[in-house]
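Listed below are the residues making up each chain.
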Amino acid sequence: MSLYMEWEAVIGLEAHVQLMTRSKIFSGASTAYGAEPNTQACAIDLGLPGVLPVLNGEAVRMAVKFGLAVGAEVATRSIFARKNYFYPDLPKGYQISQYEQPIVKGGRLEIAVDGRRKTIGITRAHLEEDAGKSLHEDFHGFSGIDLNRAGTPLLEIVSEPDLRGAAEAVAYMKKLHTLVVYLGICDGNMQEGSFRCDANVSVRPKGAAKLGTRTELKNLNSFRFIERAIEFEIERQIEVLENGGQVFQETRLYDPDEHETRPMRGKEEAFDYRYFPDPDLLPVELERAVIEDIRATLPELPDAKLGRFMRDYGLTVYEAEVLTADRALADYFEATAKAAADTEPKLAANWVMGDLLGALNRDGLALAKSPVSPQQLGGLLRRIADDTISGKIAKQVFEAMWRSEGDADAIIAAKGLKQITDTSAIEKIVDNIIAANPSQAAQYRAGQDKLLGFFVGQVMRATQGKANPGQVNELLVRKLKGG
Amino acid sequence: MSLSRDEVERIAHLARIRIDEADIPGYVRNLSDILDFVAQMNAVDAANVSPMAHPLDESQRLRDDVVTETDQREAFQAVAPQVEAGLYLVPKFVE
Amino acid sequence: MHQRSLADLAAALRRREFSSEELTRACLGRIARFNPRLNAFVTVTEERALGAARAADQRIKAGEARALEGVPIAHKDIFCTKGIRTSCGSRMLDNFIAPYDATVVEKLEQAGAIMVGKTNMDEFAMGSSNETSHYGPVCNPWDISMVPGGSSGGSAAAVAARLVPGATGTDTGGSIRQPAALCGISGLKPTYGAVSRYGMIAFASSLDQAGPFAVSAEDLAVMLQAMSGFDPRDSTSLDRPVPDYRAALDDAIAGLRIGLPKEYLGEGLDAGVAKAVEEAIKVFERLGAKPVEISLPNSRLAVPTYYVVAPAECSSNLARYDGVRFGYRCAEPRDLRDLYERSRGEGFGAEVKRRILIGTYVLSSGYYDAYYLKAQRLRRLISADFARAFGQVDVILGPTSPSVAFKLGAKQDPLTMYLCDIYTIAVNLAGLPGMSIPCGFAGGLPVGLQLIGNYFTEPRLLNAAHRYQRETDWHRRVPPGFE
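Read top to bottom, the protein sequences are chains A, B and C. Heads up: the first sequence begins at 0 in numbering that gives the first Met the number 0, then just goes up one per residue. Heads up: the second sequence begins at 0 in numbering that gives the first Met the number 0, then just goes up one per residue. Heads up: the third sequence begins at 0 in numbering that gives the first Met the number 0, then just goes up one per residue.
One or more hints might be untrue.
Here are the simulated lysine-lysine pairs, DSS-like style, with alpha carbons at most 30 Å apart [claimed, not checked]:
1) Lys414/A <-> Lys394/A
2) Lys261/C <-> Lys132/A
3) Lys427/A <-> Lys480/A
4) Lys345/A <-> Lys394/A
5) Lys391/A <-> Lys337/A
6) Lys427/A <-> Lys465/A
7) Lys217/A <-> Lys91/B
8) Lys345/A <-> Lys117/A
9) Lys368/A <-> Lys304/A
10) Lys417/A <-> Lys91/B
11) Lys91/B <-> Lys82/A
12) Lys173/A <-> Lys337/A
Derived CB-CB ranges, DEER-like [what the hints assert, rightly or not]:
13) Ala246/C <-> Ala74/B: 39 to 49 Å
14) Arg256/C <-> Ala31/A: 40 to 50 Å
15) Gly365/C <-> Arg21/A: 38 to 48 Å
Source of the hints: derived by calculation from the structure; they are not laboratory data. A quick note: this is a predicted structure, and the numbers were derived from the prediction, not measured. Every residue gets a Cβ at the ideal spot worked out from N, C-alpha and C, and that includes glycine.
My request is simple: use the sequences and hints to build the entire structure.
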């Protein structure tokens, strides 16, 4: 940061969200990822002479869902416009997009950075078609064009330039990402390009009213890249300006290997897109009643769920955030808490966040593939709560359940893991252990309290870990001290 | 409305059409004439009239989200100038 | 055989007066004999036609004849025909074998019609004389040193010369009606949205419509019946029931109010044409129709408005012709820019390039409001003129073209050519149905009478035209040398 002047970064983000429809926005070709090149590019996607677009109603519904979820105005009338430019991955020589009358206007998203809450404005969101892909290696001086992706529906979401740093930008993107996955409109897979981000970055002296010249950053396809690219660009612009130079309005690509942004070659001139309403499509008209019907299908949104989890389950902000970050995980937690009726929700929270997520990560499994169901986990938690087994033994049982060896009760029975709670039985063992270790007992009585652990360990070993730890502790202390 | 040579070249580039040096004056002349002709539109002030994009006042029909197309790559690429490994080839362009 | 009307031939085939194979051979024979003179056909599909004719004969024998079973027709080379070259009159598509059928082609095939070939046309439908085709000009059968009109000159000449009893065309600014007038036959442009545009190579999407050519109004009705109807593949196709176009043909027209726009009788109208039209109006009066003078005050703005809207839309529609996925590609492109610029520079003819450039200009930044938006406002004024007129009259009558056919090569200046369409263009801007029928001769060349109706009043237009054709025999005249 500068020694001479305080600078402020101003950032606006554009997210391109691929909508999870089965077919393309203007044709009936499949949107499935990973197909052989050009096997999912039909005549309409290829822009063959004479073809015409027909609008996918599900794409419209998904856009409406988004608009409602961010409190935006959903347009009752919106228009598709042609954005005209030449590029090999753009078959018609124009992209069907929306310009003056987008389907969603306004809206807001609340983010939290370092404990501070901030509201970020959304300018608009509009529907458009995705372009194809180009490959530049392996073709001996040629580039290869794959148009499978051409025509996939996109929702372009434009934020107000309300973001003030890389941390806020990432927080916004993550929030947006969670939201679109929650709504079931996007699969959120950034590696596959389902959720893409461009950033507009500029700096200005802190307190200045006028905006500085902004650059556009592209190729930001992970949260980490977004953060690092923006950080780099802010520093770069500050350095340029402090050295008396000028920031040029240009598009820059982020290079993750060199950790820098560089101007994009081949985009020398500002495009004149010559937008005009697409004459092959008619205005999209949505009745208020239809919009309200869609509102009724909205799931509980992340923020509402977070608040509810804190209230109804007594969770901390952190716990609630972790458990609501993913809708499927939140559902899993709630199902577990329900199955573990009469136990503390905190227990379920700890086990889901800790043991379950740990096991999934270790084995590289998605939640949907968890070998342990919420019902099973809930059953296990009840056995901890009713003292059938200790927490430590429960972890053993969990591993067995993970290996599909059965339900908690079956495993406890089969392995004889039931906790020993019979006081007299434990007492006998405690007496034996104390008797067998007279010098340690003496040291303990002399004041070496830490040796309690040694005795506890001995008792646990003698009982294969099945003695109730609480009772063991209590008896040992009494016997050692009291005699 | 006389177009300059520069403007004609700019438009030709926007439209990705190569015009031979010798033909440029002809295009400048023709295009200027046409623009002069359409300037007749200025005879009427239509500021309060809403633009008419379509002859009829209808709204866009929505299609069901169903996959209806099968793989016809072979048929479509039979008419392609250059393909390799299922991809359309163009001179290499740097991204 | 060849002098008989389409309706007559369809009935004769069903009566088995002769076979479809005989009829088709006769047409193919005439085509072989006369096409070198007229250049009306770009592609003749002899083997395929004969195969289809034989199949038609089987169906007729089995009593399964459909409306146009076994009747030979030709398609303007703007309609995609699967497996057959579809050139659009352009070098750009000289090598394009369409991989699918246009809806219009499918529908006529499903009605039993036999395609004998693809007809010549002005390149990409841009022209009024059929002189811009890559395949050379078409000649008017009435005088082969004269133009047939355009852009559907090939279809008009083919029907006029009795090579086929019916042919398809398209009309964006008059491209069916004007060649029908210059060739002394009947042609109809339906209400916008009545006939599907799917598979019809686009020129100006909000103006283009497909329609039939034949020798009589009755024949047009038969063809239109087969061609019309809702197509889910075309978003601008209207979902309404198709009326029986023949039902009202013979209705009396006493009391029919005929509008005569005073603006149509101004300067530029050939005296011989004016006289023939006046005589035609007298025939209508004899039939009981009532002439009413009307005014279409904004009609003089129609041509300038059209030459903003149509080029704008075409500049975008033709952006897909880039040498990448189909069509003409220049030899040894140096780089991507060269590929685009030379493929398009070499693939398109001068008139097409002019219109693309004008269109690009009027949409470009800084000019959009003054040109494109202004034109769309004027379009509404022009349409409103017609709406007002149809409050007073049922049908509007006038000359189709300000002159009869002119010499090939006579109109070198684009602007003079544009003025051929002064009476037809407004009809496309408003999206109304219009037709042209022969009403006499001037200097030995045919004169066309234009009938314009309100939206979806094709049955009444056809009725008025049919009653006129019952009283007159202009439509039965055959060009000398083609009897």
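Right, here's what the structure says about each hint:
1. Lys414/A <-> Lys394/A: holds, 13 Å
2. Lys261/C <-> Lys132/A: violated, 57 Å
3. Lys427/A <-> Lys480/A: holds, 17 Å
4. Lys345/A <-> Lys394/A: holds, 16 Å
5. Lys391/A <-> Lys337/A: At roughly 23 Å apart (the allowed maximum being 30 Å), lysine 337/A and lysine 391/A satisfy the hint.
6. Lys427/A <-> Lys465/A: Within the cut-off at roughly 15 Å; holds.
7. Lys217/A <-> Lys91/B: holds, 21 Å
8. Lys345/A <-> Lys117/A: Distance of about 29 Å is within 30 Å: holds.
9. Lys368/A <-> Lys304/A: Measuring from Cα to Cα gives roughly 24 Å; hence the hint holds.
10. Lys417/A <-> Lys91/B: Violated - the C-alpha atoms of lysine 91/B and lysine 417/A are around 70 Å apart, more than 30 Å.
11. Lys91/B <-> Lys82/A: Holds, at roughly 24 Å.
12. Lys173/A <-> Lys337/A: holds, 29 Å
13. Ala246/C <-> Ala74/B: 39 to 49 Å: holds, 41 Å
14. Arg256/C <-> Ala31/A: 40 to 50 Å: For alanine 31/A against arginine 256/C, whose Cβ atoms are near 59 Å apart, the range 40 to 50 Å is violated.
15. Gly365/C <-> Arg21/A: 38 to 48 Å: holds, 42 Å
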